[in-house]
Structures are given as C-alpha cells and as structure tokens.
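Novice: Those sequence lines, one after another, are chains P and U.
What the first sequence shows, in our numbering, is residues 151 to 542, in sequence order.
What the second sequence shows, in our numbering, is residues 151 to 542, in sequence order.
Everything labelled a hint here was simulated from the structure, so no lab data went into it.
Hints are supplied without guarantee of correctness; some may be wrong.
Sample of chain P residues facing chain U (criterion: CB under 7 Å; computed from the structure) [to be verified]:
1. Glu165
2. Met168
3. Pro368
4. Asn370
The following residues of chain U were derived to be distant from chain P, with all beta-carbon distances above 12 Å [unchecked claim]:
5. Asp169
6. Gln171
7. Asn211
8. Asp234
9. Ser260
10. Asn267
11. Ile270
12. Arg371
13. Asn411
14. Lys443
15. Asp492
16. Arg494
17. Ile498
We treat Cβ as the ideally placed atom computed from N, Cα and C, and that holds for glycine.
There are 2 protein chains.
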Amino acid sequence: MAISNIRYGEGVTKEVGMDLQNLGARRVCLMTDKNLSQLPPVNAVLNSLAKYSINFQMYDNVRVEPTDQSFLDAIKFAKKGEFDAYVAVGGGSVIDTCKAANLYASSPTSDFLDYVNAPIGKGKPVTVPLKPLIAVPTTAGTGSETTGVAIFDFKELKVKTGIASRAIKPTLGIIDPLHTLSMPERIVANSGFDVLCHALESYTALPYNMRSPCPSNPINRPAYQGSNPISDVWAVHALRIVAKYLKRAIRNPEDCEARANMHLASAFAGIGFGNAGVHLCHGMSYPISGLVKTYKPKDYNVDHSLVPHGLSVVLTSPAVFAFTAQIHPERHLEAAEILGADIRTARIKDAGFILADTLRKFLFDLNVDDGLAAIGYSKADIPALVKGTLPQ
Amino acid sequence: MAISNIRYGEGVTKEVGMDLQNLGARRVCLMTDKNLSQLPPVNAVLNSLAKYSINFQMYDNVRVEPTDQSFLDAIKFAKKGEFDAYVAVGGGSVIDTCKAANLYASSPTSDFLDYVNAPIGKGKPVTVPLKPLIAVPTTAGTGSETTGVAIFDFKELKVKTGIASRAIKPTLGIIDPLHTLSMPERIVANSGFDVLCHALESYTALPYNMRSPCPSNPINRPAYQGSNPISDVWAVHALRIVAKYLKRAIRNPEDCEARANMHLASAFAGIGFGNAGVHLCHGMSYPISGLVKTYKPKDYNVDHSLVPHGLSVVLTSPAVFAFTAQIHPERHLEAAEILGADIRTARIKDAGFILADTLRKFLFDLNVDDGLAAIGYSKADIPALVKGTLPQ
Chain P
151 MAISNIRYGE
161 GVTKEVGMDL
171 QNLGARRVCL
181 MTDKNLSQLP
191 PVNAVLNSLA
201 KYSINFQMYD
211 NVRVEPTDQS
221 FLDAIKFAKK
231 GEFDAYVAVG
241 GGSVIDTCKA
251 ANLYASSPTS
261 DFLDYVNAPI
271 GKGKPVTVPL
281 KPLIAVPTTA
291 GTGSETTGVA
301 IFDFKELKVK
311 TGIASRAIKP
321 TLGIIDPLHT
331 LSMPERIVAN
341 SGFDVLCHAL
351 ESYTALPYNM
361 RSPCPSNPIN
371 RPAYQGSNPI
381 SDVWAVHALR
391 IVAKYLKRAI
401 RNPEDCEARA
411 NMHLASAFAG
421 IGFGNAGVHL
431 CHGMSYPISG
441 LVKTYKPKDY
451 NVDHSLVPHG
461 LSVVLTSPAV
471 FAFTAQIHPE
481 RHLEAAEILG
491 ADIRTARIKD
501 AGFILADTLR
511 KFLFDLNVDD
521 GLAAIGYSKA
531 DIPALVKGTL
541 PQ
Chain U
151 MAISNIRYGE
161 GVTKEVGMDL
171 QNLGARRVCL
181 MTDKNLSQLP
191 PVNAVLNSLA
201 KYSINFQMYD
211 NVRVEPTDQS
221 FLDAIKFAKK
231 GEFDAYVAVG
241 GGSVIDTCKA
251 ANLYASSPTS
261 DFLDYVNAPI
271 GKGKPVTVPL
281 KPLIAVPTTA
291 GTGSETTGVA
301 IFDFKELKVK
311 TGIASRAIKP
321 TLGIIDPLHT
331 LSMPERIVAN
341 SGFDVLCHAL
351 ESYTALPYNM
361 RSPCPSNPIN
371 RPAYQGSNPI
381 SDVWAVHALR
391 IVAKYLKRAI
401 RNPEDCEARA
411 NMHLASAFAG
421 IGFGNAGVHL
431 CHGMSYPISG
441 LVKTYKPKDY
451 NVDHSLVPHG
461 LSVVLTSPAV
471 FAFTAQIHPE
481 RHLEAAEILG
491 ADIRTARIKD
501 AGFILADTLR
511 KFLFDLNVDD
521 GLAAIGYSKA
531 DIPALVKGTL
541 PQ
C-alpha cells in the first residue's frame, strides 16, 4: 500500500513557500473557503508565499460540503489558471475540491462523470499526470490530506458520491497543529467523530483477502482494499488517540496537546481508511447529509442547511457496530476496550452490543444530537435514506 | 516522512513478473546470494519472470555482510548489464547490495566514496534518477525493503559504514511470509534481534525537534530525522509483535502465524527506524562485526568469519538502554512493559535497569551468546571497538 508524505510540527506551514520552490512551481493555485480566507492558517500560507515570492491566485469559493456544481466552479477556475501546483488550506471540503480541480484541469477534455465512482459516474481510471498538491488541513477529521478520495453531493440524485484514485492523493500533507486552535467546539466534535468512524470502520472492514473478485493485476487494485495488517496499525493507533484526547480537544480550545494529537489521529486514520476503506456508517451518512432538510448546526458559519459529515457518520455508529460485530467480534470487543469498556467478563457473542453501548455513552458525554430525529428525519424518510444508501 | 510501498501476503511473490511488466521493464537484474539461488524464494521469482517472459540476468554473488569489494563487484555487473529494473531477493545483504548497484549504475561517473556517509565518504546527496528496485525480503530482520540505507564493511578501516539516501529506497517491497518458512533457527533469532533493536532504538532516539542544527530547507533533512510521532507508531507496533511472536517464530519453523508476523514487524520497524534512525546498539555493532576474528555462527552457510548483524546489535542492548534511559525514562519503562516486565511498582528512575534486566531475561531464554567474550573479544579489544564506534 502507498502512504502519503506528511510533515508534522507546530508552525511548519511557514515552509510551504519553500516546498513550492523545491517543486519548481511558478503559477500556484491557493484554494480555501470564505471563512478560512480571513483566518490564521491562510494568513500563514500567504506570508510564506510572499516570503518566497511565489506567484499565485487564490480561489476562496469552496463550498462546505461541496456539490457537483461547486466542484465544477473550482474546476473552471483551475482550467483557466493553468497552474503548475496547488495548495489547499482547509478541511475535507477544501482539500477534496482542490483534488477535483487538479484532476480535471489536468484532463481538460474529460467529462465530469468520467472519473466519478460508478454506478453514478463512469469510474474511469486516472492515467493523466496531475500537478503537485500540498494539503494543509485545518480540521482534525477527514484525513483528506492522506487519501485519494474527493467527496461531493450530487445534487440531481440527492446523494453523496465521489472520485477515488491514488492519482489524486496530495503530494504532501502539512500537519500543523497551530491551525486547529481556532476551531470552534462543534467543529472539533464533528470532525473528531469522523476520525472515530474512520478508525472503527477501517478496522472492522471486510479483510482484503476475503474480498472478491481479486483483481488480476495489482495496479488494478481499488484504492479501498479491505482491512489489512498495515491499515490495522493506523486504525488502532488512531482509535487509541481518539479515546485519550477527543474529549479534552472538544472541551478545551487551549489544550494544545489534545488538539495536536487529534490532528495527527486524523491523518493516521486517513492513511488507514484510505487503504482499507470504510463501510456502513459512511455509506449511510451520504443520504443523511444529502437529503438534509432545514438542519443548521451550531458553530458552522454557512448560508445553507447541512448535516456536518462527521455528525452524519457517527449518528448510526452504535446500530452499525451492533450489526457488524458478527463478522469479526474480537475486533469489536477490542475497540470497545480501547474506548473504555471493561471487557474482563464480557462474552464474545455480546461484542456488538458492548461496542454500541460504549459508543452511546461516549457520544452522550459529548452532547451529540440524539439520533436522526434530532436532525430532522422521521420514519417517513426511511425509504429515501435506504434508496440513497444502496448505491454506496 | 515518506513511507515505502509494500505488498503483503502469502504467495504474492508470484506477481513480481507482472509488477515488472507494469513498470515497463525490459532488462531486469535479479540479485541474490549463492545459498538463496537454490531456494524457494528465488525459484518463485524465476517462475514469475518466465511466466511473464521477462528478460533478465541473475547476479548471485552477493556476500553475506557485504564489503566495499563485494559492492563494487555487484556495481560492475550492474553497469555492464544496463538494466532498467532490479529485483533483490534475500536478506539485508542482498537488498543493500542491490541498492548500491542501482545507485552507481545510474551515476556511472561517480567515485565509490562520493555517496558513502561522511566522514568515511563524501556523503553527497543523490540527484540522479535511479531505476525501479523491487525488494523481496527472505529474512525478518533488516527491514531493508523499506529504507534508504545500504550498509557494508569498509575493509581498509575495518568498520561498517553505508550509504543513506531516500533515493535508494526500493520502489516496492514484497513481503511474502512463505519465504521465512525456510529460515534456520539462528537466522530467525539474529534477524529478529535486529527488529527488536530497530524498534527500541528508534523509539528512544533523540526526538526530531531536539536535534540541531535544523536544516534550513526540508529537502535537506537527513534520512534519519530523530524519533517523531509517526516513526513512534511503527516502533511501538513492531515491538509489540516482537514481544508476542519472536520466541514462537524461533522455536517452531512451522509456526506460520509467528513467522508471518515477524516478517511484517521487520518491515514496520524498518519504516520506523528508516525515518527516525537508530543509535548506540547499531553504532557499536559496526566495529563488533567489522573487527570479527574467527567467529562462525551456527546456521550460516558462509566461508568467512562473521558476526551476524542482529547478534552484533543485540549483545550491547542491555548496557545501552541502562545508559540511555536518563534521556527518556518513560519510554524505556513502557518498552520494558511491552516486553513483559511488571512495572506496576516500578520507579521511573529505575527505568534503564528494568529494561536492561527485561532484555537480559528475554535474550537468555533465546540462547543468545553471553556477551562479547562469547564471540571472541577480550578487554584488550576495547580501544579498537571504541575507535570503530566513534565515527558512527
């Protein structure tokens, strides 16, 4: 499996201009969103670009929870700019949008659906060379800086889908924990839940050697290969960090140790799920956020309704793991123990319920909305949610 | 930090011909040693090369514990062959020799000392492009398939030294645990000790942010950067595997689970130390093996005296960690606990002694030679051993 380059450390963003110089970049696209464009992470990048006299254009029109339309807008900007390198500063929305912009600007005659995952798109393999992309994550959630995946809402079908190819993986991820200190409480919580589910889902994903059909050539292996001994290292390690630091990171914005560790856990879980894949929590999350009605979450400064990705993922997690434990109960029990359950007298056949209860307690302590009803869904929405889940 | 591509699974070696086809290789150099050339791992590669009609030449003259002379012999072969890809099948000696052959064949006008580590060589950065190298490790020790390091005995000075550059890191490591089933008992033990020390030394190496001077440009960072949050993940995970599986792997050649896990641990520890570096056990090991007198280890089918690398490393480990604990006692205590010590009532100031005692017991159980005297050294050799250690 391939693992991205990452650089970690407080303040390392200030070297980004030098990285671009090292890459020989002459026309750089800096991509971010409107909120972030006024905040310290973007400022740090701008200062570095100025210091190293890097010629750049800024695109700050990224939509939080991007859509096909917002991707296309960024792609248009990228095509016009003829850039030779990209820097994405933001959460998963920004980094994913930048991956798509880089891809389609590098493959200008392609139709948008060509690279979108089947069955919604054509899922064509990427064979064109892309430009270097440096990702500077400002949330501790998606791990997008380490993955070859870009997710968006396909408005026409009201579902989330995406593009998945190793080719769109960032060249370098700059993990600078200083950027997480300005994150509001609910953004820390929701992005942390994404890390939690990346770790749990990739650790409990169907093992790589139980999947079929097996591709006849290794280069045709999908980006998501199933759980394997290497993704397991990252998943378990990320889960241990979440268990130790997520609550502290949410509750105290000045707890640098906790926020720095969650920032790393986000990248670690990203490396894990970016190779193993995720399963039901993420599969169901796409219609949960795609079909959003009027829910507007606290701490998100946006002009449209949205269910934050991490929240849409975590809400189903107790039910999911109660169900999936039958495949690999030992791992579910181990995960429960890492999250604080006392499993000394536990029976293996109760693994799913134990993990579900542990998660419910964990989420209750963190003031998570109480189920799908709390974000505006009723029983009448179940058929549409199911219909939106099945293509995943 | 950059992490190599690795592929893991029983029997995956049979895909190596397809990998070479995917790389567009037309003239392949297959490198191994005389013993291995008759054994199943090389056979598996030969069958795959035949199946995919890959044109190749075999070099089976690699020396176990290579020297500058043996490197030069392999380099000569590589230069003459004008290869466009390399496959190294063997332990660290084979993989390291192949890295050197690839490097100097790709930089034909360089003097041998140009790329050798200073102060013995000139330590020039590698700027030429190398050919792809696929490494198929047959021991569970060096982790050479994941590192940018090639070690050899510099005969004139009677010391070990090496070449260190990310540029010589293999393109792909194929971790096929079937290859470890033919390893004799002492080779499993000694290569396992190398894994143990890679993990312990990289976990206790000086942290990356306490080293100075800090390179002004990230591309000038050394291959060995000091311990860091990412190398720590690999080091601790590898140490846990060693604690659980090394004894089983040594004692029972048919314990596939244990040998497969040690094979992975070797790669994991390689990724860890390949980024963090190692310290005193490895530093002292170079004169210990470089100054060898008449010692010939059991289970090694060679015509010259040698102290196997893993043995030369582990013999000093109890003394080393008793000494280094003062820098980071918590980590030494944690390592002792992972290796089986009961630390519930331990005092932090005793961390070094506790880890040293734990290691002594661990090694005694595995019939390790009792100190340097057992491999032919006396007090009179101390000045020469010190002299050989200092340049490291």
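Novice: Would you list, in rising numerical order, the hints stated earlier that this structure does not obey?
Specialist: The structure conflicts with hints 4, 5, 6, 12 and 13, although it agrees with all the remaining ones.
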